[in-house]
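2 protein chains.
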Amino acid sequence: MKRLALGLAMGACFAAFGTVAGGEPAAAASAQSRKVIVDDDGFGIAQWLLLQAPDVDVLGIAVVSGDVWRDEGVAHALRGVEIAHRTDVPVLKGAVYPLLNSEKLTDRWESLYGKLVWKGAWMRQWVEPTAQSTPPYHAADVVPDLPEGNPTTKASDESAVLFMIRKVHEFPGQVTIIATGPMTDLALAQRLDPSFAGLAKELVYMGGSFNPRQVRDDVAAAQFAREFENSPRREFNFRFDPEAASIVLRAPWKRIVSVPADPSTATELTPAFLHRLAAANPAFADAVRKKEPGFPLWDEIAAAVWLDPKLITRSEDLYVDVNSQFGAGYGDTLSWRPGYQPDMDEQKEVVVRTVDVPKMEQAIVDLLSRKLPAGK
Amino acid sequence: MKRLALGLAMGACFAAFGTVAGGEPAAAASAQSRKVIVDDDGFGIAQWLLLQAPDVDVLGIAVVSGDVWRDEGVAHALRGVEIAHRTDVPVLKGAVYPLLNSEKLTDRWESLYGKLVWKGAWMRQWVEPTAQSTPPYHAADVVPDLPEGNPTTKASDESAVLFMIRKVHEFPGQVTIIATGPMTDLALAQRLDPSFAGLAKELVYMGGSFNPRQVRDDVAAAQFAREFENSPRREFNFRFDPEAASIVLRAPWKRIVSVPADPSTATELTPAFLHRLAAANPAFADAVRKKEPGFPLWDEIAAAVWLDPKLITRSEDLYVDVNSQFGAGYGDTLSWRPGYQPDMDEQKEVVVRTVDVPKMEQAIVDLLSRKLPAGK
Numbered sequence: 004m005k006r007l008a009l010g011l012a013m014g015a016c017f018a019a020f021g022t023v024a025g026g027e028p029a030a031a032a033s034a035q036s037r038k039v040i041v042d043d044d045g046f047g048i049a050q051w052l053l054l055q056a057p058d059v060d061v062l063g064i065a066v067v068s069g070d071v072w073r074d075e076g077v078a079h080a081l082r083g084v085e086i087a088h089r090t091d092v093p094v095l096k097g098a099v100y101p102l103l104n105s106e107k108l109t110d111r112w113e114s115l116y117g118k119l120v121w122k123g124a125w126m127r128q129w130v131e132p133t134a135q136s137t138p139p140y141h142a143a144d145v146v147p148d149l150p151e152g153n154p155t156t157k158a159s160d161e162s163a164v165l166f167m168i169r170k171v172h173e174f175p176g177q178v179t180i181i182a183t184g185p186m187t188d189l190a191l192a193q194r195l196d197p198s199f200a201g202l203a204k205e206l207v208y209m210g211g212s213f214n215p216r217q218v219r220d221d222v223a224a225a226q227f228a229r230e231f232e233n234s235p236r237r238e239f240n241f242r243f244d245p246e247a248a249s250i251v252l253r254a255p256w257k258r259i260v261s262v263p264a265d266p267s268t269a270t271e272l273t274p275a276f277l278h279r280l281a282a283a284n285p286a287f288a289d290a291v292r293k294k295e296p297g298f299p300l301w302d303e304i305a306a307a308v309w310l311d312p313k314l315i316t317r318s319e320d321l322y323v324d325v326n327s328q329f330g331a332g333y334g335d336t337l338s339w340r341p342g343y344q345p346d347m348d349e350q351k352e353v354v355v356r357t358v359d360v361p362k363m364e365q366a367i368v369d370l371l372s373r374k375l376p377a378g379k
Numbered sequence: 004m005k006r007l008a009l010g011l012a013m014g015a016c017f018a019a020f021g022t023v024a025g026g027e028p029a030a031a032a033s034a035q036s037r038k039v040i041v042d043d044d045g046f047g048i049a050q051w052l053l054l055q056a057p058d059v060d061v062l063g064i065a066v067v068s069g070d071v072w073r074d075e076g077v078a079h080a081l082r083g084v085e086i087a088h089r090t091d092v093p094v095l096k097g098a099v100y101p102l103l104n105s106e107k108l109t110d111r112w113e114s115l116y117g118k119l120v121w122k123g124a125w126m127r128q129w130v131e132p133t134a135q136s137t138p139p140y141h142a143a144d145v146v147p148d149l150p151e152g153n154p155t156t157k158a159s160d161e162s163a164v165l166f167m168i169r170k171v172h173e174f175p176g177q178v179t180i181i182a183t184g185p186m187t188d189l190a191l192a193q194r195l196d197p198s199f200a201g202l203a204k205e206l207v208y209m210g211g212s213f214n215p216r217q218v219r220d221d222v223a224a225a226q227f228a229r230e231f232e233n234s235p236r237r238e239f240n241f242r243f244d245p246e247a248a249s250i251v252l253r254a255p256w257k258r259i260v261s262v263p264a265d266p267s268t269a270t271e272l273t274p275a276f277l278h279r280l281a282a283a284n285p286a287f288a289d290a291v292r293k294k295e296p297g298f299p300l301w302d303e304i305a306a307a308v309w310l311d312p313k314l315i316t317r318s319e320d321l322y323v324d325v326n327s328q329f330g331a332g333y334g335d336t337l338s339w340r341p342g343y344q345p346d347m348d349e350q351k352e353v354v355v356r357t358v359d360v361p362k363m364e365q366a367i368v369d370l371l372s373r374k375l376p377a378g379k
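From first to last, the protein sequence lines are chains A and B. Residue numbers for the first sequence follow my numbering, beginning at 4 and rising by one. Residue numbers for the second sequence follow my numbering, beginning at 4 and rising by one.
Bound conformation, chain A alone:
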């Protein structure tokens, strides 16, 4: 009750984030809890933040193909909720294949327009020597052993798409969708049920790229800059399923918050930050130590700014869509200042340009520090 009162005193729009390290166990959702569904092409620290956050009710964790095939992402998600002692939260299977894009189409596109730096589940090898490892290439239904250990629990029998539709009807105007992978599931939900987007509270997504620049001076940052330095409008989540992203960004959401590649260039999962995280909570330490360093904190920014919008240091209102023409710009981010948009149903979004990185890192440490609920 104390925590609830504090949360209300600070205003209804976000919880008392960062003030509860070592406090009560997570997962004690109250009636006032903020409801969220995460849809991602895997599972990472971002999901743990949401699971650990006070007064947040993670209704479900949906998984879609992207960085890895859906089934591999589902295994990561199951293991992730097991580690967090949150097997009460269902893991839901989303789409295996993008709407129109495919591995074959991507091969043909590359032969016309040049190699993509990152292709997710379709990646066979880096073009240049790269510090990051290449995930093993395999068929859609193959699930390799996971570094963090294989899960013993199972995914829900319910489709991720149908689950999301069901939940926005059950809690109209209350469910935030945080999408940090390709938008195939959300596009299917919107076309199956035209009221889907309008019944959600908001969409918060990681995707798109506006004009990022390399901020950090290290090998990983320089190598990740390959993704945007000659293609500033290209970003993997949009590029993997451009048609889905265009459908979703033109749907009538009440509110959209976009976390593009831009703010992520000031962030990095460094060995030092991983060490801080491992030291924060023995429950996560093993799994954290097995994480590969170097990655920008793409999805973590999306989760963190939803938990605490005050982490946003600069944002901009823009209309956004995705180029779905199969040409050199396939999947590129399209954006317009208000007044310039073509009025093809594209929506105005809050586009996050920069975040307070030290404060965000501390908030991440604080959330991971919280005691896990009892049980597995």
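Keep in mind that the hints were calculated from the coordinates and are not lab data. If you're wondering where the values come from, they're calculated on a predicted model, not measured in any experiment. Check before you lean on any hint, since a few could be wrong.
Because identical chains cannot be distinguished in the list, a pair is counted as satisfied if it fits within a single copy or across any two copies.
[To be verified] Keeping only pairs whose Cα atoms sit at most 30 Å apart, straight-line, the calculated DSSO-like set for lysine-lysine is:
#1 K294 to K257
#2 K157 to K170
#3 K313 to K38
#4 K118 to K313
#5 K257 to K374
#6 K107 to K351
#7 K204 to K107
#8 K294 to K351
Keeping the supplied structure of chain A fixed, place chain B upon it in accordance with the hints.
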């Protein structure tokens, strides 16, 4: 049992079509019945043929937006099954909106590439004086009074997309999908469940246009020729949702039979043929008399050649896809003789080029002549 034995003696692939006029009532589905789901942007004689055919089990009638909005099509379908005394067959609501195409996008396309002859639910008026009436233009959720009377029954609560997925799992390898409207529902089904197409027995569809020519010498035929004479590869079902059609035609069906515009130019719902139909069975007479003459028998060909493949007088094996590029050719039919296809997952189809029209007309009359089952 007699009918069943006859059906088996004639071979398992089709029923004793055309030999049972005035015979036993329809709707006595046996275990050996051929299972079919129709997905259409309305309801017409084609559905009645399937409902009246012996040894055919119509599992459900799905409705998608196209010629009219989904909800108006659903009303026609409900009324159609009421007239046929087949309210045992569920009517299922499909997609309201195409995947990416929209009325706004169509307006912009027309301003770049010229006017479409027919735009279905988005049609406001014919460009030229036209014998066919223009359906009233209205919002997606408006259902005008129907000429054949308004239905008193209701659609199923189950989504058409989920129903189709459920049925191909329930009867693997046994369910034919006859699609005679835009393919939005089928595309959603395939992306929700990648095993959907492979679990069906086959896809039979009306859509696409190869190189049709005007065959009949009358005003209606000349006016319908406007649709293809300067755009031989354009056909409404593909053009309303090109992306969906491309997804569906590149899915791994066991078998695809295509009924494009081409064979339809030799057919017409003339006043004389309507008179024959009205005389065939008093149960259908009122509704038949209210039908507007002049239309080619697009969907009826698809139903008829599935019921009796011997009606096909010429067909060709071709690989087929749909142009989903937003340019002058958006929605156009793409086809290749075997060996020329690009291998982008497009499938080989049996493309129907001509049918035996007098024999088909007689078969239609015979089927409508059959006694209706008792009951409403």
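| query | Is it within, between, both, or neither for K294 and K257, if the alpha carbons may be no more than 30 Å apart? | reply | Neither, since 36 Å and 43 Å both go past 30 Å.
| K204 and K107: within-copy, between-copy, both or neither at 30 Å Cα | between (37 Å within a copy, 26 Å between copies)
| field | Status of K170 relative to K157 across identical chains (alpha carbons, at most 30 Å) | value | both (20 Å within a copy, 25 Å between copies)
| Alpha-carbon proximity between K294 and K351, which holds within one copy, between copies, both or neither at 30 Å | neither (36 Å within a copy, 46 Å between copies)
| Is it within a copy, between copies, both, or neither that the alpha carbon of K118 lies no farther than 30 Å from that of K313? | Cα proximity of K118 and K313: none, with 38 Å in one copy and 50 Å across.
| query | How would you classify K257 and K374 at a CA-CA limit of 30 Å: within, between, both, or neither? | reply | Neither. Shortest intra-copy (34 Å) and inter-copy (54 Å) distances fail the 30 Å Cα cut-off.
| said: One pair to classify: K313 and K38, alpha carbons no more than 30 Å apart. Within, between, both, or neither? | reply: within (19 Å within a copy, 58 Å between copies)
| Which holds for K107 with K351 at a C-alpha limit of 30 Å: within a copy, between copies, both or neither? | between (34 Å within a copy, 18 Å between copies)
Comparing the model with each numbered hint stated earlier shows that hints 1, 4, 5, 8 do not hold.
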